[in-house]
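> These protein sequences, in sequence, are chains Y and R. Quick note: the first sequence uses my numbering, first residue 9, plus one each step. Quick note: the second sequence uses my numbering, first residue 3, plus one each step.
Rather than coming from a laboratory, the hints here were simulated on the basis of the structure. Ideal Cβ positions, reconstructed from N, Cα and C, are used throughout, including at glycine. Accuracy of the hints is not assured; some may be wrong.
[Stated by the list, open to error] Mimicking SDA-like on lysine to any residue, the simulated pairs with C-alpha atoms at most 20 Å apart in a straight line are:
#1 R/Lys32 with Y/Ile172
#2 Y/Lys256 with Y/Lys307
#3 Y/Lys415 with R/Asn76
#4 Y/Lys415 with R/Asp91
#5 R/Lys32 with Y/Glu83
#6 R/Lys32 with R/Thr22
#7 Y/Lys484 with R/Arg70
#8 Y/Lys484 with R/Asn76
#9 Y/Lys307 with Y/Arg19
[What the hints assert, rightly or not] Covered stretches of chain Y, going by a simulated chain R footprint (3 or more residues, C-beta under 8 Å):
#10 44–53
#11 139–150
#12 323–337
#13 355–365
#14 400–411
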Amino acid sequence: MNGGVQVRERRLSQGPDWTFELIDEYEREIRKTAAEFGLDTYPNQIEVITSEQMLDAYASVGLPIGYPHWSFGKEFIRNEQAYRTGAQGLAYEIVINSNPCIAYLMEENSMMMQALVVAHASYGHNSFFKGNYLFRQWTAADAILDYLVFARRYVMECEERYGIGAVEEILDSCHALMSYGVDRYRRPQPLSAREEEARMSERNDYIQRQFNDLWRTVPAPGSGKSGNARRSVFPAEPEENILYFIEKHSPKLAPWQREIVRIVRKVSQYFYPQGLTRVMNEGWATFWHYTLLNRMYDKGQLEDGFMIEFLQVHTNVVTQRGFDERGYGGINPYALGFAMMRDIRRICEAPTDEDRQWFPEIAGGDWLKVLDFAMRNFKDESFIAQYLSPKLIRDFRLFTVADHESKSYLEIDSIHNEEGYRRVRRLLAQHYNRDVSMPDVQVVRYERDTDRSLVLRHQIHRNRPLVSTDATAVLKHLVRLWGFTVRLEAIDAEGRLDHYRECTA
Amino acid sequence: MAGSAHLIDRRLNGGNKSATNRQRFIRRYKEQLRRAVGDMVDKRSITDIDGGGEVNLPGRDISEPSFRHGPGGNRETVHPGNREFSPGDTIRRPQSGGGGGGAGGEAGEGESTDAFVFTLSREEFLNIFFDDLELPHLVRNYLGTVQQKKMVRAGYVVEGSPTNLSVPRTMKSSLGRRVALSAPIRRELDAAAAALAEARARPADAAEIARLETQIADIEARLKRVPFLDDLDLRYRHRVFMPQPVARAVMFCLMDVSASMDERKKDVAKRFFTLLYLFLSRKYEKVEIVFVRHTDNAEEVDENAFFHDPKSGGTVVLSALELMHEIQVERFPAGQWNIYAAQASDGDAFGSDAGKSARFLGEKIVPACRYFAYVEIPDGQDARQSSLWVEYETLTAAAPNFAMRRVSGRDEIYPVFHELFKKETA
Numbered sequence: 009m010n011g012g013v014q015v016r017e018r019r020l021s022q023g024p025d026w027t028f029e030l031i032d033e034y035e036r037e038i039r040k041t042a043a044e045f046g047l048d049t050y051p052n053q054i055e056v057i058t059s060e061q062m063l064d065a066y067a068s069v070g071l072p073i074g075y076p077h078w079s080f081g082k083e084f085i086r087n088e089q090a091y092r093t094g095a096q097g098l099a100y101e102i103v104i105n106s107n108p109c110i111a112y113l114m115e116e117n118s119m120m121m122q123a124l125v126v127a128h129a130s131y132g133h134n135s136f137f138k139g140n141y142l143f144r145q146w147t148a149a150d151a152i153l154d155y156l157v158f159a160r161r162y163v164m165e166c167e168e169r170y171g172i173g174a175v176e177e178i179l180d181s182c183h184a185l186m187s188y189g190v191d192r193y194r195r196p197q198p199l200s201a202r203e204e205e206a207r208m209s210e211r212n213d214y215i216q217r218q219f220n221d222l223w224r225t226v227p228a229p230g231s232g233k234s235g236n237a238r239r240s241v242f243p244a245e246p247e248e249n250i251l252y253f254i255e256k257h258s259p260k261l262a263p264w265q266r267e268i269v270r271i272v273r274k275v276s277q278y279f280y281p282q283g284l285t286r287v288m289n290e291g292w293a294t295f296w297h298y299t300l301l302n303r304m305y306d307k308g309q310l311e312d313g314f315m316i317e318f319l320q321v322h323t324n325v326v327t328q329r330g331f332d333e334r335g336y337g338g339i340n341p342y343a344l345g346f347a348m349m350r351d352i353r354r355i356c357e358a359p360t361d362e363d364r365q366w367f368p369e370i371a372g373g374d375w376l377k378v379l380d381f382a383m384r385n386f387k388d389e390s391f392i393a394q395y396l397s398p399k400l401i402r403d404f405r406l407f408t409v410a411d412h413e414s415k416s417y418l419e420i421d422s423i424h425n426e427e428g429y430r431r432v433r434r435l436l437a438q439h440y441n442r443d444v445s446m447p448d449v450q451v452v453r454y455e456r457d458t459d460r461s462l463v464l465r466h467q468i469h470r471n472r473p474l475v476s477t478d479a480t481a482v483l484k485h486l487v488r489l490w491g492f493t494v495r496l497e498a499i500d501a502e503g504r505l506d507h508y509r510e511c512t513a
Numbered sequence: 003m004a005g006s007a008h009l010i011d012r013r014l015n016g017g018n019k020s021a022t023n024r025q026r027f028i029r030r031y032k033e034q035l036r037r038a039v040g041d042m043v044d045k046r047s048i049t050d051i052d053g054g055g056e057v058n059l060p061g062r063d064i065s066e067p068s069f070r071h072g073p074g075g076n077r078e079t080v081h082p083g084n085r086e087f088s089p090g091d092t093i094r095r096p097q098s099g100g101g102g103g104g105a106g107g108e109a110g111e112g113e114s115t116d117a118f119v120f121t122l123s124r125e126e127f128l129n130i131f132f133d134d135l136e137l138p139h140l141v142r143n144y145l146g147t148v149q150q151k152k153m154v155r156a157g158y159v160v161e162g163s164p165t166n167l168s169v170p171r172t173m174k175s176s177l178g179r180r181v182a183l184s185a186p187i188r189r190e191l192d193a194a195a196a197a198l199a200e201a202r203a204r205p206a207d208a209a210e211i212a213r214l215e216t217q218i219a220d221i222e223a224r225l226k227r228v229p230f231l232d233d234l235d236l237r238y239r240h241r242v243f244m245p246q247p248v249a250r251a252v253m254f255c256l257m258d259v260s261a262s263m264d265e266r267k268k269d270v271a272k273r274f275f276t277l278l279y280l281f282l283s284r285k286y287e288k289v290e291i292v293f294v295r296h297t298d299n300a301e302e303v304d305e306n307a308f309f310h311d312p313k314s315g316g317t318v319v320l321s322a323l324e325l326m327h328e329i330q331v332e333r334f335p336a337g338q339w340n341i342y343a344a345q346a347s348d349g350d351a352f353g354s355d356a357g358k359s360a361r362f363l364g365e366k367i368v369p370a371c372r373y374f375a376y377v378e379i380p381d382g383q384d385a386r387q388s389s390l391w392v393e394y395e396t397l398t399a400a401a402p403n404f405a406m407r408r409v410s411g412r413d414e415i416y417p418v419f420h421e422l423f424k425k426e427t428a
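Construct all of the structure, not just a fragment, from the sequences and the given hints.
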């Protein structure tokens with residue numbers, strides 16, 4: 009913080025081996041250092057696990073508890089295989105957005121790695137979970153673990169009652185639509201496992217009480233007249249949360265099946281902010297493990313050897329390979345996020361003329377405040393659109409490639425030059441825009457009065473088609489959930505029907 | 003800022019939380035796995051058939067579908083590491099994929115279409131191989147065993163050789179005896195001592211005191227005479243001979259490899275041999291396998307040659323039986339080995355060969371064997387009975403350890419095997 013003050017503090021451990029006392033000591037020191045920077049976090053819970061358990065945690069996408077499903081088994085086997093053959097190391101940490109914030113340390117790691125993970129996960133990610141508006145708004149850190157326990161128990165009860173196969177079918181179908189099970193504009197009800205159970209049994213009771221077969225035979229009053237009104241389009245507005253629509257309106261699902269749809273939907277909702285903030289989240293956490301450990305080194309708490317080992321790991325994490333290098337897998341969110349966080353600090357502390365021109369409102373400001381504001385109020389898309397500086401575009405040597413179907417070749421659209429900066433920045437931000445990367449598919453009609461078919465609309469974006477085999481397979485899953493014909497209409501930019509595919513029950 | 007962090011050691015919680023999910027995965031892809039396991043069985047040697055192993059599943063079989071963008075349409079992608087490009091430069095469109103060579107997110111989001119490799123454990127492998135039937139329970143009770151004698155402990159005895167002396171046991175009984183014998187003497191001693199003390203306190207006359215003192219000395223002398231160790235105390239470890247099953251077996255695989263035995267028949271035979279081997283290796287610590295193949299003459303070969311070497315010629319079954327008998331007598335005496343044999347053939351036998359073979363089998367081989375199974379693999383379901391079959395059939399009544407079955411396809415092997423071994427229990 010204040011570079012002039014040289015506080016010499018007691019050195020922390022030597023040597024690679026960790027002990028619980030040592031982790032505790034490190035954690036305390038890291039906490040003190042984090043407090044210097046004013047990081048606000050949930051309480052921390054740090055759990056030491058084996059690599060085996062880490063593989064388990066991997067398979068369930070980082071959730072400590074999950075319902076049983078073969079796809080998690082597949083993930084587990086895939087990771088295990090890759091790990092055993094040495095093709096892939098394990099991630100050093102998994103952190104769970106819950107209150108208290110749970111971070112896993114692997115027992116095989118050296119003390120340096122444990123300290124890095126504590127700084128990265130328990131202070132970096134943790135403060136991001138607590139501060140970022142998406143997480144504040146969309147996930148209930150307090151209730152997620154309870155809810156997962158409920159979900160697991162419920163799914164397993166269903167398996168006992170209705171058979172593993174039947175439950176698996178529903179889950180498969182829900183998973184195919186998982187990304188279309190997210191509310192983006194309504195804030196979801198806070199989760200509570202107990203309320204969830206109470207609500208469920210109440211609803212079942214109600215149905216039981218209200219059931220009276222007589223009503224079915226009574227002619228509806230004025231059926232001839234109101235028929236017109238009812239024939240209006242339903243739903244009135246297109247519904248983008250397909251799973252929600254199914255849960256509420258599917259004509260054929262049994263109550264337990266609806267409940268499973270709901271569970272998948274809730275889990276999907278929980279992961280929604282994570283998908284939107286990968287660059288920021290990892291960048292923030294990486295920035296803080298780097299900053300915190302360097303600060304501790306400056307205070308004399310850490311050894312040179314520790315720092316060299318740390319920097320080596322850190323460098324591996326933030327490596328960005330060029331597009332033509334071996335192992336290039338797109339833009340590394342750690343690299344981009346870390347570079348951007350550092351760059352914001354640089355713009356505040358040592359702005360150049362260019363920075364003053366591009367970022368007049370933050371150049372020369374208090375970097376802690378600026379970073380904190382950025383962390384709280386952005387997602388990847390807007391963060392990049394707001395903060396990606398020309399310097400970083402130059403450093404990464406970013407360029408954009410246009411792939412237009414009317415041309416038989418690819419064209420370099422813009423590069424890191426004066427004319428290109430804004431366009432590169434806009435296109436990179438677009439890349440993290442969920443609306444662009446995910447096909448726009450919404451429920452538009454439910455033919456309640458005729459054949460009960462469900463009509464979905466795929467709004468074609470810039471002529472980009474769906475992967476055909478996948479789309480057909482997803483339609484089959486939809487039919488399973490819906491019980492009647494499902495139709496997917498592809499609408500072009502002018503609003504005309506381009507083509508459709510249909511799957512009958 | 004919250005208080006101190008909570009540090010928890012979860013290592014003992016046990017991993018394998020994913021075991022259920024792994025089972026689910028295997029359950030779902032049983033068909034594909036069964037095919038893959040089938041292929042593995044063909045490639046493997048009989049003796050390491052049950053080792054588990056890597057299975058390949060095609061990626062497309064296990065991908066999970068979702069709505070996603072495919073190649074085509076218009077888009078721009080962003081990449082790092084530009085060196086020589088300027089705006090307006092053109093690049094040839096890559097043949098496959100949507101251009102841009104794996105643009106950012108797409109590269110990570112798409113399901114990999116590579117083959118999905120994973121390792122089956124031994125149990126899982128066997129379960130799939132045997133179609134979930136419980137193999138081990140079948141075997142235990144009814145495969146006979148050769149007896150061999152072995153010394154086992156059988157408590158303690160009072161007589162024996164000094165080397166078998168059990169010191170703790172001996173000392174135990176010595177202690178007991180000493181306590182028992184000296185207790186009444188000690189009681190007398192206590193009484194006398196009390197009397198002496200009382201006499202001295204009174205005070206009594208010298209004569210009485212002297213008498214009492216002599217009495218005490220007398221009692222103490224008696225106490226000393228209780229021996230520390232007596233012959234009665236000696237205990238010896240006892241050992242007896244117990245019959246012990248021999249934990250080794252030899253399995254003879256006999257197969258007709260003449261031209262009429264095609265690959266399909268050999269495959270069926272291999273599966274049968276494999277099953278028998280698995281059975282035996284569960285029962286015995288050590289199982290040796292001898293491969294004997296024959297056309298018009300027999301030879302002992304290694305496994306690879308047995309199953310894969312093409313050979314052509316006539317068929318003389320007797321030659322194989324004679325060779326087996328020779329090997330058995332020479333290397334695997336019946337008293338020391340459990341002898342099992344399985345013969346696979348399509349039943350071809352010419353002239354007097356069938357009759358001679360059956361006789362030789364009945365007289366020389368079957369008596370020495372724990373079990374002899376003959377498996378006939380006919381050309382089709384309804385091929386007529388072969389000459390060998392007819393001759394062998396005469397043996398079944400006399401020899402309970404001889405069994406024969408017809409198997410025409412892979413799928414029949416397990417049921418037939420099951421039946422063969424069930425018969426012995428009955």
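> Against this structure, judge whether each hint is valid.
Comparing the hints with the structure gives:
In summary, the hint linking R/Lys32 to Y/Ile172 is supported, as the alpha carbons are separated by about 15 Å, within the 20 Å threshold. A C-alpha spacing of about 59 Å is found between Y/Lys256 and Y/Lys307, which places the hinted pair above 20 Å, so the restraint is violated. Distance hint between Y/Lys415 and R/Asn76 is fulfilled; the C-alpha atoms sit about 10 Å from each other, no more than 20 Å. The hinted pair formed by Y/Lys415 and R/Asp91 meets the criterion: a straight-line CA distance of about 13 Å does not exceed 20 Å.
The suggested pairing of R/Lys32 with Y/Glu83 holds, with an alpha-carbon distance near 17 Å, which does not exceed 20 Å. Restraint check for R/Lys32 and R/Thr22: the C-alpha separation of about 15 Å stays at or below 20 Å, so the hint holds. Simply put, Y/Lys484 and R/Arg70 have alpha-carbon atoms about 15 Å apart, close enough for the 20 Å limit, and the pair holds. For the given pair, Y/Lys484 sits about 28 Å from R/Asn76 by alpha-carbon distance, which is inconsistent with the 20 Å threshold.
Between Y/Lys307 and Y/Arg19 the CA atoms are separated by roughly 9 Å; this keeps the pair inside 20 Å, and the hint holds. Here's how the segment 44–53 of chain Y fares: 6 of its residues keep a CB closer than 8 Å to some CB of chain R, so the rule of at least three is met and the hint holds. A count of 0 residues in the segment 139–150 of chain Y with a Cβ less than 8 Å from any Cβ of chain R is obtained; the coverage claim is therefore unmet, three being the minimum. Chain R is given as covering the segment 323–337 of chain Y, and this holds because 8 residues of the stretch bring a CB closer than 8 Å to a CB of that chain, at least three being needed.
With 0 residues carrying a beta carbon less than 8 Å from a beta carbon of chain R, the segment 355–365 of chain Y misses the three-residue requirement, and the given coverage is violated. Only residues whose beta carbon comes within less than 8 Å of a beta carbon in chain R count, and the segment 400–411 of chain Y has 8; three or more means the coverage holds.
In the structure shown, a violation is registered for the earlier hints numbered 2, 8, 11 and 13, in ascending order.
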